[in-house]
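From first to last, the protein sequence lines are chains V and C. Note that my numbering numbers the first sequence so that position 272 is 272, with each residue one more than the last. Note that my numbering numbers the second sequence so that position 272 is 272, with each residue one more than the last.
One thing to keep in mind: the hints can contain errors.
Repeated chains share a single entry, so a pair holds when one copy, or any two copies, can fit it.
Stated by the list, open to error - Within a straight-line C-alpha distance of at most 30 Å, the following computed BS3-like cross-link-like pairs (lysine-lysine) qualify:
{"#": "1", "residue 1": "Lys313", "residue 2": "Lys339"}
{"#": "2", "residue 1": "Lys111", "residue 2": "Lys231"}
{"#": "3", "residue 1": "Lys339", "residue 2": "Lys282"}
Treat the hints as calculated values from the structure; they're not laboratory data.
Number of protein chains: 2
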Amino acid sequence: MGSHMGSHPGSGRRRFLTSGGALAAFVMGAVRSLRGQTAAPPPYEPQGLLAYGQPSKFTGHILRRTTQRPTAITDTALMTPLHELDGIITPSGLHFLMDHTNGIPDIDPQKHRLMVHGMVDRPLIFTVEDIKRFPSVSRIHFLECNANSRPLRGPNRESVQLIHGRTSCSEWTWIIAEGGESNKYTMSIPLAKGLDDVIVAWAQNGEPIRPHQGFPLRLIVPGFEAIRAVKWLNRIHVVDKPYAAWHEAGNNADTAADGKGMWFRFELGPKAVITRPSGGQKLPGPGFYEITGLAWTGGGLVRRVDISTDGGKTYQEAQLQQPVLRYAHTRFRFPWRWKGEECVIQARCTDERGEVQPTIEEAAKIFNTTVDYFYQADHFNGIQPWRIARDGSVTNAIAGA
Amino acid sequence: MGSHMGSHPGSGRRRFLTSGGALAAFVMGAVRSLRGQTAAPPPYEPQGLLAYGQPSKFTGHILRRTTQRPTAITDTALMTPLHELDGIITPSGLHFLMDHTNGIPDIDPQKHRLMVHGMVDRPLIFTVEDIKRFPSVSRIHFLECNANSRPLRGPNRESVQLIHGRTSCSEWTWIIAEGGESNKYTMSIPLAKGLDDVIVAWAQNGEPIRPHQGFPLRLIVPGFEAIRAVKWLNRIHVVDKPYAAWHEAGNNADTAADGKGMWFRFELGPKAVITRPSGGQKLPGPGFYEITGLAWTGGGLVRRVDISTDGGKTYQEAQLQQPVLRYAHTRFRFPWRWKGEECVIQARCTDERGEVQPTIEEAAKIFNTTVDYFYQADHFNGIQPWRIARDGSVTNAIAGA
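With the sequences and hints as input, model every part of the structure.
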């Protein structure tokens, strides 16, 4: 990258935002859209599936699903069919979704505005096109709901979709505002500096974010629970303290059964989930199988995934799909020959912090609580084993389930 | 990865395929599907957009489009709207598509079979579920039609979609059959060894490949022209010579205007395309813009992209979006302040082979032909500049256009 724009070393945060006001005024004057202005439409245009393709009618069973027995907490969840998917990208149409019962707005992006206020001389108001003119970056990141992996008992415990399907992974595009890189742009894009601690995204898997995921603008906080990823973003309150501190404070309000604060709620813990074979599936007979699934961590990189096919007595390292990306789902694979015996398979994730995914019993011991606590706890990342019966059927084998 | 399966060092290709016959017979006996067998449907299921999401109605203009003036060659092309997209993943519904005029089959995967014959003791026949049971890998790769970037004159020359939209990039999942890795599986999956030179894919961007892209099985040849990526794959003829040799021979049939063979047709050359600002768009006024686009090469990795804003007199290096992936689209970005003058912007790709994308004049000189030759040539990878007028309008500025 050339340095022809120069840096602006003497400027503090407030000064950037002051400058930002002037730029914003200019940018807001840019009423004509850079995008969407192609040449006049061609004489004929493709229609329907030729214009925008859809899945085969033979894969119509691959859908987001709700819990089997709705509760106050979980009846608003639409979960990703992880057992039907490959690779690490979740198709946008199958991205998990919470809190849809009040309806999904389909906002006109021409009318949408983002207000930035708080620690600024005066509020800044941006159109979606203004936002899209700033330098940008695209990264593959997962989102995970704080309530994921919770229904380990009852009618929702039998499939990987219903237990673990509140996580998905997409390529997000957003305003660039990252450490050293932002210096290159400070002369011209002070907004990026002003938004140093938040990520304003407008594209998911290449195209504009879909309405269910927050069209036209969404906040993204890599590695943190998805409830922080505000959809249909229209207001940012800039405050004079680290965003992480606010986040941490909010989470520390949660306490364990013994009254202690749960430190592991600050970021999502390491988690590995076997998606195939998984609950509700049936192995057709003894022979070769690839055990595969997804691992992720709020700590950044997945370092390794180990597989046990004997209920946790012994583990062997699985292969991680390359490249392993920070705050992204990581696909793991493990070749396995099933001899037809009853057995329990499970996966265990270790992340770059050295944190090892615990069993549910280990988690209870570490946090001085009971196993029962985790059946309703947020951010549960305990190992969830699958039992394979002699007839090949697969069921949830977690302790006490 | 553990070595518990052992290797099979003494076995040759033919022996693997013989063993493969026995395995295939077993695998074919596995009539029950591992996938698609979730628990009984929950009491209620989401419908419509809640079950499978779609784009906003406000982005309905983001579609595949055909050429404005159809010809015998190009009237079957449905091109990707590169100027409307971000990141490197092309949404599956917008993946480019050729030769659709005979209709798109939506094949029942339960009835589909893949036959492998030729250098095998007897033909092997696999179901789609058989294929999916083999060890697999997912990678992000582009496809590009040999005819891409050709309509540099006439009514199709004015937008990046109509000129360059015959390329897209997806995460593909396929049978693993790669060099050293395959040894780990040779005891149990000789088919992979037998298919060492071809890639049989079944998933694209996480979900099953869509009908327009070859559901249920497609051949993928990373870095080679997309016409080799056979859709709805049902037959593989195993031959006793390198696949690349056959491919090369086929391409060497093409000759330049002076009768010489065109060596650069063996693999796709390095190419960078500015997608924004691009033809048909209009800059609303002087100020900051991010010049962005996509680069790729049949040679593997994009090493660098340089941007000129003065018609090629001087270049400065653009930033490459990380991670840069082999045989994948690579997003580049370059911050730029437009002062309102008329100017020509262009991008130039250099790949890991050291091959530098030529201007159209350089290409003509190198290959001892005329500039006119390239207006109908396959595999054209010359630099295609955009002219920005004082009113901000953007048009194709290629020589002689």
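*Of the hints given before, which are not true for this structure?*
Violated hints: none at all, because every hint is consistent with the structure.
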